[in-house]
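Here's the letter readout for the chains.
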Amino acid sequence: MNAHWDWNYVHEILPILGEAALITLQATLLGFALALVIGLVLAVCRMAANPLVRHAAAAVVEFIRSTPLLIQIFFLYYGLPEFGLALDAMLAGLIAIGLHYGAYCAEVYRAGIDNVPRGQWEAAAALNLPPQATFRRIILPQAIPPIVPALGNYLVALFKETPLLSAIGVLELMQTAKILGSESFQYTEPITLVGLYFLVFSLLASALIRLLERRLGVRAAPRS
Amino acid sequence: MNESPASSSETPMVRFERVSKRYGALTVLDQLDLDVASGEKVAIIGPSGSGKTTVLRVLMALERIDDGVIHIDGEPLTHMPQGDGLVPADARHLRKMRSHIGMVFQHFNLFPHMSAVQNCMEAPMSVLGLGKEEAHTRAAELLTMVGLADKLDHHPAQLSGGQQQRVAIARALAMRPRVMLFDEVTSALDPELCGEVLNVIRELGSAHQLTMLMVTHQMGFAREFADRVCFFDAGRIAEQGSPEELFGNPQHERTQQFLRAVMEAI
Amino acid sequence: MPANRTGPTGSSPAAGALAAVAILGFAGGLLVSSFAGFRDFLPELLRGAATTVQVAAGGSLVAVVAALLATTARLYAPLPLRWLAVAYVELFRGTSALVQLFWLFFVLPMLGISLSPMTAGIAALGLNIGAYGSEVMRGAIEAVPRGQWEAASALNLGRFRTLRRIVLPQAFVAMIPPWGNLFIELLKATSLVSLITLSDLAFKAQQLNQTTLRTVEIFGIVLLIYLALSLLVTLAMRALERRAGRRLLRGKEAR
Numbered sequence: 000m001n002a003h004w005d006w007n008y009v010h011e012i013l014p015i016l017g018e019a020a021l022i023t024l025q026a027t028l029l030g031f032a033l034a035l036v037i038g039l040v041l042a043v044c045r046m047a048a049n050p051l052v053r054h055a056a057a058a059v060v061e062f063i064r065s066t067p068l069l070i071q072i073f074f075l076y077y078g079l080p081e082f083g084l085a086l087d088a089m090l091a092g093l094i095a096i097g098l099h100y101g102a103y104c105a106e107v108y109r110a111g112i113d114n115v116p117r118g119q120w121e122a123a124a125a126l127n128l129p130p131q132a133t134f135r136r137i138i139l140p141q142a143i144p145p146i147v148p149a150l151g152n153y154l155v156a157l158f159k160e161t162p163l164l165s166a167i168g169v170l171e172l173m174q175t176a177k178i179l180g181s182e183s184f185q186y187t188e189p190i191t192l193v194g195l196y197f198l199v200f201s202l203l204a205s206a207l208i209r210l211l212e213r214r215l216g217v218r219a220a221p222r223s
Numbered sequence: 000m001n002e003s004p005a006s007s008s009e010t011p012m013v014r015f016e017r018v019s020k021r022y023g024a025l026t027v028l029d030q031l032d033l034d035v036a037s038g039e040k041v042a043i044i045g046p047s048g049s050g051k052t053t054v055l056r057v058l059m060a061l062e063r064i065d066d067g068v069i070h071i072d073g074e075p076l077t078h079m080p081q082g083d084g085l086v087p088a089d090a091r092h093l094r095k096m097r098s099h100i101g102m103v104f105q106h107f108n109l110f111p112h113m114s115a116v117q118n119c120m121e122a123p124m125s126v127l128g129l130g131k132e133e134a135h136t137r138a139a140e141l142l143t144m145v146g147l148a149d150k151l152d153h154h155p156a157q158l159s160g161g162q163q164q165r166v167a168i169a170r171a172l173a174m175r176p177r178v179m180l181f182d183e184v185t186s187a188l189d190p191e192l193c194g195e196v197l198n199v200i201r202e203l204g205s206a207h208q209l210t211m212l213m214v215t216h217q218m219g220f221a222r223e224f225a226d227r228v229c230f231f232d233a234g235r236i237a238e239q240g241s242p243e244e245l246f247g248n249p250q251h252e253r254t255q256q257f258l259r260a261v262m263e264a265i
Numbered sequence: 000m001p002a003n004r005t006g007p008t009g010s011s012p013a014a015g016a017l018a019a020v021a022i023l024g025f026a027g028g029l030l031v032s033s034f035a036g037f038r039d040f041l042p043e044l045l046r047g048a049a050t051t052v053q054v055a056a057g058g059s060l061v062a063v064v065a066a067l068l069a070t071t072a073r074l075y076a077p078l079p080l081r082w083l084a085v086a087y088v089e090l091f092r093g094t095s096a097l098v099q100l101f102w103l104f105f106v107l108p109m110l111g112i113s114l115s116p117m118t119a120g121i122a123a124l125g126l127n128i129g130a131y132g133s134e135v136m137r138g139a140i141e142a143v144p145r146g147q148w149e150a151a152s153a154l155n156l157g158r159f160r161t162l163r164r165i166v167l168p169q170a171f172v173a174m175i176p177p178w179g180n181l182f183i184e185l186l187k188a189t190s191l192v193s194l195i196t197l198s199d200l201a202f203k204a205q206q207l208n209q210t211t212l213r214t215v216e217i218f219g220i221v222l223l224i225y226l227a228l229s230l231l232v233t234l235a236m237r238a239l240e241r242r243a244g245r246r247l248l249r250g251k252e253a254r
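Here the protein sequences line up with chains B, U and A, keeping their order.
Going letter by letter, the first sequence gives residues 0 to 223 in numbering that gives the first Met the number 0.
Going letter by letter, the second sequence gives residues 0 to 265 in numbering that gives the first Met the number 0.
Going letter by letter, the third sequence gives residues 0 to 254 in numbering that gives the first Met the number 0.
These are computed hints drawn from the structure, not numbers from a lab.
For every residue, glycine included, the Cβ atom is placed at its ideal position computed from N, Cα and C.
Wrong hints could be hidden among the right ones.
A short list of chain A residues far from chain U (calculated; beta carbon distances all over 12 Å) [claimed, not checked]:
#1 Q53
#2 A76
#3 W102
#4 S115
#5 M117
#6 W148
#7 I165
#8 G179
#9 L212
#10 V215
If you want the ones that stay clear, here's a sample from chain U, every Cβ over 12 Å from chain A, calculated [said to hold, decoys possible]:
#11 G23
#12 A24
#13 D65
#14 G73
In silico contact screen, one side only, chain U against chain A (beta carbon under 7 Å); selected entries [unchecked claim]:
#15 L93
#16 H106
#17 R253
Could you put the whole structure together from the sequences, leaning on the hints where they help?
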């Protein structure tokens with residue numbers, strides 16, 4: 000046990016953590032891709048003509064957003080086998096993350112779609128475009144660009160929640176760091192390194208999103 | 000009727016002395032000289048971007064000037080005497096000088112979380128140290144004067160634009176200023192609400208010895224109300240004179256152009 | 000100038016969703032508990048829920064205090080303090096809550112500071128949410144229109160007076176809905192303390208799951224308990240918002 004920073008130990012664990020970092024990155028990207036799709040589906044359901052679908056979708060979104068991701072992960076990982084659907088930890092975790100952040104993304108999509116002026120729907124109707132084509136070809140292309148920064152913020156948030164996967168034993172960064180720590184009784188280096196990794200990536204991503212916001216803002220200005 | 004501008008013998012209430020104000024490369028006030036006599040009503044007109052609002056904002060010390068000196072009743076506003084010379088004013092001096100001046104804004108800027116009467120009581124109580132009752136009496140009197148005796152406890156969101164602007168006038172008057180600044184006070188109002196606000200200003204002008212500077216787009220009101228009209232262009236006074244002179248027989252080409260454009264718009 | 004958009008704009012569809020969730024939750028609760036034999040594990044779960052509430056309440060307190068200090072320092076303190084506040088906010092927003100929790104729980108003892116799981120949990124989650132809260136506070140203060148500062152200036156109100164009497168009361172109303180969201184985030188994040196051996200609701204659920212293997216019922220009930228707690232927070236914040244904003248928000252916008 001050593002209270003101080005041990006560079007030799009750092010050198011020893013860095014390659015192991017590097018591999019785990021790849022898993023974290025992979026979970027982030029796959030989870031977010033899933034969230035984007037689920038979010039769009041939920042958003043469309045929230046605007047459905049059928050009030051039953053609309054309210055059910057609203058309730059599902061509210062429910063997912065009001066309960067902890069950790070419990071949702073447990074529920075899918077431990078619960079689904081009871082329905083004869085045993086998933087490995089990574090897959091169950093990804094689905095939970097995709098659902099959770101899908102609910103958040105649904106709200107973002109909805110705001111983006113609401114912000115497209117009513118006149119666009121009316122103009123499309125006046126041209127006799129069917130509703131589906133209107134949505135896909137007229138509304139969505141206008142709704143998405145302004146919400147890219149907001150979606151980006153959720154990507155960063157999702158990234159920072161991937162350590163929850165450690166709770167069901169996925170060998171991502173946090174779990175790897177914990178195992179390393181418990182093996183050597185040196186927690187300082189692995190956990191601090193994990194923190195640094197998240198800090199660097201989050202700051203980078205935030206800077207990127209700000210840049211994107213500015214560029215979108217600049218591009219949006221002449222149009223309006 | 001048409002008093003002549005400040006006679007040289009008495010101290011002007013407001014004096015701009017070669018005042019310049021720049022935003023980066025843009026010069027909004029260009030070595031401006033302007034004297035306003037005590038009790039005089041001056042209307043400031045001109046195209047947008049000519050620096051007319053800036054005149055009021057630097058006089059209220061909302062913005063710092065880059066060059067020159069502004070005097071109020073002979074005392075420098077932006078500077079204070081120290082030794083033989085003048086040094087830039089500190090916060091205390093600014094506050095003292097600001098107490099002579101009241102301002103009414105284009106967008107009212109009422110405090111939305113306070114009722115009309117609270118809006119008019121806040122500063123008298125905390126700045127002038129008035130007691131609650133005294134402040135309330137004063138605020139109620141002023142609100143009655145602007146025709147809002149029945150709206151004392153209404154919040155800004157419950158009032159029309161014209162009513163809000165009248166509260167804003169009462170709020171400024173509650174500090175007993177000697178100079179009142181009106182910054183396009185009817186520009187944010189629907190046309191049918193302008194009249195009630197202009198009436199209040201009209202009464203104020205006839206009943207009090209207040210010095211008034213107003214930036215306005217209401218040429219009719221400027222002509223009827225002001226003792227003197229200043230036409231601003233590119234940070235300077237391009238032309239000034241009595242309303243009769245300036246509106247009846249403008250000399251400067253830019254003035255003619257501007258007045259023609261304004262007339263066409265009506 | 001950004002209009003001061005506060006909660007009530009989206010409140011009526013949200014109220015519908017809220018009602019739908021409540022009905023759904025209640026029906027689901029009946030359904031689950033009817034075949035779950037909930038008496039077997041409900042008392043245990045409620046004990047866990049009490050711990051969850053305790054962590055959430057303590058964390059909220061820490062969060063508000065941390066956010067207040069950081070915001071004040073960032074807006075009005077001299078430079079070194081301002082940097083410290085910025086560093087705090089960036090550090091806690093930039094790393095993940097679980098990492099912060101583990102750092103306080105596993106690393107601090109190596110440096111000679113041992114915290115109980117409860118203290119570590121409250122501190123980590125409170126500081127984490129406080130960093131986000133500081134952003135909320137700063138945003139709300141900066142969103143008060145410049146005209147309010149100018150009007151106060153023209154009336155000769157001092158800087159501190161203007162802040163206290165004019166700006167903060169308006170910012171406070173604007174802050175309530177985002178703080179409501181943060182409190183719910185905090186409540187959800189309390190489940191992380193189960194990973195440092197604190198026997199909160201999530202911990203009890205795990206434990207019962209391992210002993211009884213009645214996974215769906217247990218986690219179903221646990222989800223509903225969290226949902227109920229979230230709804231409570233939402234309702235409380237709504238009530239607070241209505242009270243605070245009653246005068247301010249009758250019309251849309253008043254400057």
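Right, here's what the structure says about each hint:
1. For Q53/A, the shortest C-beta to C-beta distance to chain U comes to about 35 Å, beyond the 12 Å cut-off, and the non-interface label holds.
2. At the 12 Å boundary, the C-beta of A76/A stays outside the reach of chain U, the nearest C-beta of that chain being 19 Å off.
3. With a minimum CB-CB distance of about 42 Å to chain U, W102/A clears the 12 Å threshold, and the non-interface call stands.
4. No beta-carbon of chain U is positioned within 12 Å of the beta-carbon of S115/A; the least distance is around 43 Å.
5. Residue placement check: M117/A keeps its beta carbon more than 12 Å from all beta carbons of chain U (closest about 39 Å).
6. Against the 12 Å criterion, W148/A falls within the reach of chain U, whose nearest CB is about 9 Å from its own CB.
7. Chain U draws I165/A into its interface by the beta-carbon criterion, the shortest separation being 6 Å against a cut-off of 12 Å.
8. In this structure G179/A is separated from chain U by more than 12 Å, as the shortest Cβ-Cβ distance comes to about 20 Å.
9. The claim that L212/A is not at the interface with chain U holds, since no C-beta of that chain comes within 12 Å of its own (minimum 57 Å).
10. The beta carbon of V215/A is kept farther than 12 Å from every beta carbon of chain U, the shortest such distance being approximately 50 Å.
11. Chain A leaves G23/U outside its interface by the beta-carbon criterion, the shortest separation being 19 Å against a cut-off of 12 Å.
12. With a least beta-carbon separation of about 23 Å from chain A, A24/U lies farther than 12 Å from that chain, consistent with its non-interface assignment.
13. Remark: the non-interface label on D65/U is consistent with the geometry, its nearest Cβ contact in chain A lying 19 Å away (cut-off 12 Å).
14. Remark: the non-interface label on G73/U is consistent with the geometry, its nearest Cβ contact in chain A lying 20 Å away (cut-off 12 Å).
15. Of the supplied interface hints, the one on L93/U is violated, with its beta-carbon coming no nearer than about 9 Å to a beta-carbon of chain A, more than 7 Å.
16. The interface hint given for H106/U is met, as the beta carbon of that residue sits about 5 Å from the closest beta carbon of chain A, less than 7 Å.
17. Because the beta carbon of R253/U sits about 30 Å from the nearest beta carbon in chain A, more than 7 Å, this interface hint is broken.
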